[in-house]
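So the sequence lines, in the order shown, correspond to chains A and B.
The opening position of the first sequence corresponds to residue 11 in the numbering used here, with each subsequent residue numbered one higher.
The opening position of the second sequence corresponds to residue 58 in the numbering used here, with each subsequent residue numbered one higher.
Derived by calculation from the structure, the hints in this document are not laboratory data.
One should not assume that every hint holds.
[Claimed, not checked] The calculated BS3-like cross-link candidates involving lysine-lysine, where the alpha carbons are at most 30 Å apart (straight line), are:
#1 K124(A) x K108(B)
#2 K93(B) x K44(A)
#3 K156(A) x K186(A)
#4 K108(B) x K112(A)
#5 K108(B) x K180(A)
#6 K124(A) x K109(B)
#7 K109(B) x K184(A)
#8 K112(A) x K147(B)
#9 K32(A) x K156(A)
#10 K127(B) x K124(A)
#11 K112(A) x K109(B)
#12 K93(B) x K112(A)
Quantities reported herein were computed from a predicted structural model and do not represent experimental measurements.
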Amino acid sequence: MKKIKYMMSGGLAFSEQQDMEKLRKKSLKGWHVKDFKFMGYGLEYGEKEDVIYSIDYRFLDENEREEYLDFFSAAGWRHVCSEADMHLFKAAPNTAPIYSDKDSKIEKHHRQGKVINGMALGLLAFTIALFFVSIFTTGTFQTVAKISFFGVFVFTVPAIMTAMAIYYQKWKIKLKDAK
Amino acid sequence: MKQIEQLTDSVFYIMAALTTPRHGYAIMNLIEETTKGTVSIGPASMYTIIKKLLQQEFIYLYDDSDSRRKTYLLTEKGREVLTEDIERRKVMIQLAENGLKEEQS
Numbered sequence: 011m012k013k014i015k016y017m018m019s020g021g022l023a024f025s026e027q028q029d030m031e032k033l034r035k036k037s038l039k040g041w042h043v044k045d046f047k048f049m050g051y052g053l054e055y056g057e058k059e060d061v062i063y064s065i066d067y068r069f070l071d072e073n074e075r076e077e078y079l080d081f082f083s084a085a086g087w088r089h090v091c092s093e094a095d096m097h098l099f100k101a102a103p104n105t106a107p108i109y110s111d112k113d114s115k116i117e118k119h120h121r122q123g124k125v126i127n128g129m130a131l132g133l134l135a136f137t138i139a140l141f142f143v144s145i146f147t148t149g150t151f152q153t154v155a156k157i158s159f160f161g162v163f164v165f166t167v168p169a170i171m172t173a174m175a176i177y178y179q180k181w182k183i184k185l186k187d188a189k
Numbered sequence: 058m059k060q061i062e063q064l065t066d067s068v069f070y071i072m073a074a075l076t077t078p079r080h081g082y083a084i085m086n087l088i089e090e091t092t093k094g095t096v097s098i099g100p101a102s103m104y105t106i107i108k109k110l111l112q113q114e115f116i117y118l119y120d121d122s123d124s125r126r127k128t129y130l131l132t133e134k135g136r137e138v139l140t141e142d143i144e145r146r147k148v149m150i151q152l153a154e155n156g157l158k159e160e161q162s
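Starting from the given sequences, assemble the full structure and let the hints guide the process.
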């Protein structure tokens, strides 16, 4: 039987680099990523291997997929798994990075941010609306609005934090190369 | 996607390679060979740049009969943009060369 275990992600928007390094350490011990799992990765036990990992975000049409993956394999990056618009690759330690220039690297985080930005904004608008409803109504209506407010608030805060973390990443890359 | 205002080195190299029809892998190889390995464009950067060049109509899909290795070629617009950028780069080089020559004499 195959040995399988789960590794939790630190949240890609917050700690992509840490996640990739953690995965490398796991591979050195023989645990290799097989697929993305809910908020983490599924690892499978096999032979020990020294590999580095990289992740890319891109929405791909079915007819774009083959070409996209071929670019990576031509550069020595093996495709590990994909989930929605996330694609994970691995390569031998000295392989050149998948992003070689600043502009396209910033766009990576831009694409990553698009989905979460929309979600955070929608949630924020909804939270504010519920807040006002709970102020200007009375009775059952108010109670329902209040409870919903806190229910939504729990999701709004992490969504905004994630969106901010992505902005921070973009800003960091811009600043680093401006020196 | 942001518009390309001035061609970055990576964009310049890729456009230069697409003066004849080439697929991504051939572009990477050409750039690495001509620069003797000092310049290599990562696959994710390459893919991003090609998509952007297509969107701005600087290049077009020349042949997609092999879905794994689609080939691209500069459009008329792309040729103009590349020619302009060569001129811009020539001015840069001339300035530096003249400066160094004057220093010697």
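Evaluated hints:
no. : hint              : verdict
1   : K124(A) x K108(B) : holds, 18 Å
2   : K93(B) x K44(A)   : violated, 36 Å
3   : K156(A) x K186(A) : violated, 44 Å
4   : K108(B) x K112(A) : holds, 16 Å
5   : K108(B) x K180(A) : holds, 20 Å
6   : K124(A) x K109(B) : holds, 17 Å
7   : K109(B) x K184(A) : holds, 19 Å
8   : K112(A) x K147(B) : holds, 24 Å
9   : K32(A) x K156(A)  : violated, 41 Å
10  : K127(B) x K124(A) : holds, 28 Å
11  : K112(A) x K109(B) : holds, 15 Å
12  : K93(B) x K112(A)  : holds, 22 Å
Violated hints, in rising order: 2, 3, 9; the structure is consistent with all others.
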